[in-house]
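Undergrad: Based on these hints, arrange chain B on the given structure of chain A.
Number of protein chains: 2
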Amino acid sequence: MRTILGIIALISVQTVVAQQDDSLFIRKLADEVLTAGKAYNNLRTLCKTVGPRLAGSPGMYKAEAWGKQVLEESGADRVWLQECMVPHWERGKKEEAWYTIKGEKAKKVNMDILALGNSVGTDPKGITAPAILINDFNELEAKKDLVKGKIVVYNNIFDNRNTQTFKSYGESGAYRRSGPSRAARYGAVAVMIRSVTAAADNHPHTGSLAYDTAYPKIPAAAIGLQDADALIAALKAGKEVNIYYRSDARFYGDTLGHNVIGELKGTEFPEKYITVGGHLDSWDPAEGAHDDGAGCVHSIEVLRALKAIGYKPRHTIRVVLFANEENGLRGGNKYAQEAKAKGEQHVFALESDAGGFTPRGFGFTIDKEKLERMQAWLPLFLPYGVHQLTAGGGGADIGPLNRALGTPLAGLTPDGSRYFDVHHARSDVFEHVNKRELELGSLNMAILIYLVDKYGL
Amino acid sequence: MRTILGIIALISVQTVVAQQDDSLFIRKLADEVLTAGKAYNNLRTLCKTVGPRLAGSPGMYKAEAWGKQVLEESGADRVWLQECMVPHWERGKKEEAWYTIKGEKAKKVNMDILALGNSVGTDPKGITAPAILINDFNELEAKKDLVKGKIVVYNNIFDNRNTQTFKSYGESGAYRRSGPSRAARYGAVAVMIRSVTAAADNHPHTGSLAYDTAYPKIPAAAIGLQDADALIAALKAGKEVNIYYRSDARFYGDTLGHNVIGELKGTEFPEKYITVGGHLDSWDPAEGAHDDGAGCVHSIEVLRALKAIGYKPRHTIRVVLFANEENGLRGGNKYAQEAKAKGEQHVFALESDAGGFTPRGFGFTIDKEKLERMQAWLPLFLPYGVHQLTAGGGGADIGPLNRALGTPLAGLTPDGSRYFDVHHARSDVFEHVNKRELELGSLNMAILIYLVDKYGL
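Protein chains in written order, with numbering that gives the first Met the number 0: chain A, 0 to 456; chain B, 0 to 456.
Some clues are possibly wrong.
Same chains, same names: a pair is fine if it fits in one copy or spans any two.
Computed cross-link-like contacts, DSS-like style, restricted to lysine-lysine with a CA-CA straight-line distance of at most 27 Å [what the hints assert, rightly or not]:
{"id": "1", "residue 1": "Lys166", "residue 2": "Lys27"}
{"id": "2", "residue 1": "Lys166", "residue 2": "Lys37"}
{"id": "3", "residue 1": "Lys367", "residue 2": "Lys339"}
{"id": "4", "residue 1": "Lys27", "residue 2": "Lys37"}
{"id": "5", "residue 1": "Lys235", "residue 2": "Lys104"}
{"id": "6", "residue 1": "Lys124", "residue 2": "Lys216"}
{"id": "7", "residue 1": "Lys47", "residue 2": "Lys264"}
{"id": "8", "residue 1": "Lys37", "residue 2": "Lys235"}
{"id": "9", "residue 1": "Lys369", "residue 2": "Lys271"}
{"id": "10", "residue 1": "Lys235", "residue 2": "Lys341"}
Everything labelled a hint here was simulated from the structure, so no lab data went into it.
The shape of chain A in the complex, shown without the other chains:
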C-alpha cells in the first residue's frame, strides 16, 4: 500500500508542477494574444477588403491570396495552396418576391428574400402561384394533396426555448435543407421558408438546401422574419395569397479553388500533424465575419502567437483555411483524401466555426478515456473563460479527417446567444465582432493546441 500511495503522491506532485509550468506558459501566451493579437485586424482586412467569398466567386481568389499572405506574415515555416475543385453557384443579377391578397385591392407586398444556396432559379419572367401555409412536415404529409401547383410557405420556427441555439438551428434548418424536395415531391412549384433565425430584424438568412434527386428541383428562398410573419399571418387568417417569385440563381461549371495551408514544423514528430482551421468561404451577401472569418483568424492567431513567444512545437501544427464549406465541403474532403493518400498521421484536429463570440468550451469527438484525460486540463482554461470540455463536437471541415483516418476532433464552442442573429445574413459583418471576445477564442484554441502538442492524446 505504501508503495502505491507513494506512486500516487509522486504523480500528483508531478501533475501539480506540470500544471504550474503550463499555467506560466499560458499566461505568456495570454499576454501575447491579449496585448499584441492580430486576429481582429486580420478579420477587418478579410471582411472589408475581401468581403464575400463564396466558392467560385472572384472573392474566393482574393481570400486565398489574403490567407496566404497573412499566414506568411504570421510566421509559418511553409505556406501553400492545396488545389480543390469547387462548385460555382451564383444567385444571379435579380431576385425578388412579392405577394397579393385576393380582395385587398391587389396591392403588391414586397418581401426581403434571399434564394437558398444551391437553389435553381425561376423562369426569367418569374413564377406566380397560390401560397399554401405548411407549419411542419407532419402537416405537409397531411396536406400533400393540396400542395400541387402551389408555393409552399414553411412556418418553421426558431425555437427560443432551446438553451442551445444550435439545437434550434438543427430543427428549423431542416426546412431549409430538405423542405424544398419534400414539397416538390407533392408537386409544389417553389418554397419559401421563414429565415432560420430569431433575430428581431428583417434580414433574410440564406444557406444551403440539399435536393433529393428523386424529385424535381424547385426554386426556394428564405424570407426575412418580419415579412415572413406578415405573410404567414395572412395565410393563417385564411386569405387567398398569390406569390410572385423571380430568381436567376444557377450553377456554373466546377472551378478550381484551394485550401490555404500554413505550418509550423514539429521538432520531435515532424510527420505527425495537428490541424487547426476554419473555412475561408462565406455566403455571397455577407462579409462572413462570424461565419467563418472568425474561425480563420482564430486559427492563424494560434500559429502566430505560439511562434511569437518562441514555442517550438513537437508535432507539426497546420493551419488550414478550408475551401467551400458552405455549399459543398470540397475543401474538407480534399484535405482528408490527400492525407489518407499520403499516409499522413493526423493526431488531432480542431475547428472554429461557431463564431467569434466569448468562448465557453470545446466539444470533442474522441475516446471517452482520452476525453477524461483532457478534462483534467480544465483548471488551465478556467481563468480564460472556457469552462466545459464535453463529449460531442468537431467541425464540418475536419469531419472527413475523422472518417478517413479516425483523427480525434474538437470544436470551439463560443457562447451561442448571438450567432444565429447574423448567420448567413447581410448583418454578418465585422462590426458585429468584438475584439476581446475574438481574442479570447484564439487564446483558448492556442491553449488547447499547446496542451495537445505537449502531452499528446
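TA: Just chain B, lined up with the frame of chain A:
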C-alpha cells in the same frame, strides 16, 4: 452506522427529487422568459423614450414614472416611490478641449472629451496651461515639483492582460476617481485622463471623480482613446504642449428623487424581504442601456416571470430601481436606512449592475457555509449558462443593506468582455444589447431568487 447511512441515503433521495421538481419549475420559468419575456422591449422604451437619466435631471423623473408603470404592468402587488434627496450635477452647456504644440504652426488639435462626473467646471473663458504627462501615481510623486500650474495628463492604461475586465477597471479607474485631487495636491490646475476603456473607438468615457477635500477642487475630464493617445505620443516625444479646456460643469442644490419599488407579497413570511434590483440613473451622454438599464429590466422581469407562471413566493420579493448610483449612492443608502429604521428583516439581496451580457455566474457576499449550500444548486443553473457561484460580489446599491443589517448579497456576473467598451460612453445604447443575452440574465436571476425563496439561506 446503518441509521446514519440510512439518513444520508434519505437526504440524498430527497435532494434528487427536489432537484427534479426544481428543474421542471425552472424549465417553465425559462419558457416564459425566453418566449414571452418583456425585458428587451422594456429596455427599448427606457433607452429610447426616457434616455439619459442622471440624478436631478428631467430624465430622472421620466425614468421614475416609467419604472412605476412597468412594475404595475408586470404584476407587482404594490408599487411605490421611496423619497430620497439626490445630488444634482450638470455638465452644462459647453465643454471643449484642444491643444497646440510649440513650433508646429500653432494648429489647434481638438479632442473629444467629457467632464468627469461631479467635476467642477473651468472659468467661463476656459483655462490654458502646459500639459505634463504622468504615467502613474509613482511618477506623480517623483515629479510633484513639476506639476504646479500645469494640466496633468494621466496615461492610465486599461490593462488587457487582466482576464477579469473589472480588475482593469479598478486599476485604471483609480486615476479617474482620485487622480484629480492627487494632482491638485501638487498645484495642478486641471486633469485629463485616458478614458477608462480599451475600446477601439474615440468616445470619451465619463464617470465619477471623488475630490479629497484637503486639496483644491480642479476640473477634470476624460479623453477618447484615439485623441488621448495622439496627445500622449506628442508628450512622450518631448514636445511642449499647451492644453485649452473649457467646462461649465457644476453642482446645483440637492433635489428630490426616488427609489422605485414594487413587490410580490410573501405568503409565508410576508415580513421577510428578498430584494432584487439595479440602478435607474445613468450618465448624461448615454442611454444607459447596459449601465444599468439592463439591471432594471432584469429585475422587473424576475417579478413579472414568477408572477406570470403563477408562483406564490414564501418571502416578500421586492424589486428596487435605485436612485443615484452613479454619483452619490443616495438611493442605496436610503433604502438601507429605512429598512433599519423600520426593523425590516432582509434575508437576501441581489443586484445586476454589470451589463446585459450573457450570464456566467453570481458572486456572493455570504458566510462560507451558506455559500457551499448554494453551490449545490449549480446543476440547476448550468443548462442556462451560469457556471460559477463564487465568493465575493454584490452591488453598490445593496452594499448598504449588508453593512446596516448584515444581509447576504449576490451580484450577477455577466461575461465582461464588452462592458467597458460602452461603459459611461455615448455608445451605451439599446442597439448594443442582445435580446437573448439579456433574457438569459433575467432568467438566471429569477432562478436564484426562486431557490433562495424556496429553500432560504
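Undergrad: Against this structure, judge whether each hint is valid.
TA: Hint check results:
1. Lys166 x Lys27: between (36 Å within a copy, 18 Å between copies)
2. Lys166 x Lys37: between (32 Å within a copy, 24 Å between copies)
3. Lys367 x Lys339: within (25 Å within a copy, 56 Å between copies)
4. Lys27 x Lys37: within (16 Å within a copy, 44 Å between copies)
5. Lys235 x Lys104: For Lys235 and Lys104, only the intra-copy Cα distance (19 Å) is at most 27 Å; the inter-copy one is 71 Å.
6. Lys124 x Lys216: Within. Shortest intra-copy distance 18 Å satisfies the 27 Å Cα cut-off; inter-copy 75 Å does not.
7. Lys47 x Lys264: Neither. Shortest intra-copy (32 Å) and inter-copy (55 Å) distances fail the 27 Å Cα cut-off.
8. Lys37 x Lys235: between (51 Å within a copy, 25 Å between copies)
9. Lys369 x Lys271: within (18 Å within a copy, 51 Å between copies)
10. Lys235 x Lys341: neither (58 Å within a copy, 57 Å between copies)
Figure legend: structure checked against the earlier numbered hints; hints not met, in rising order: 7, 10.
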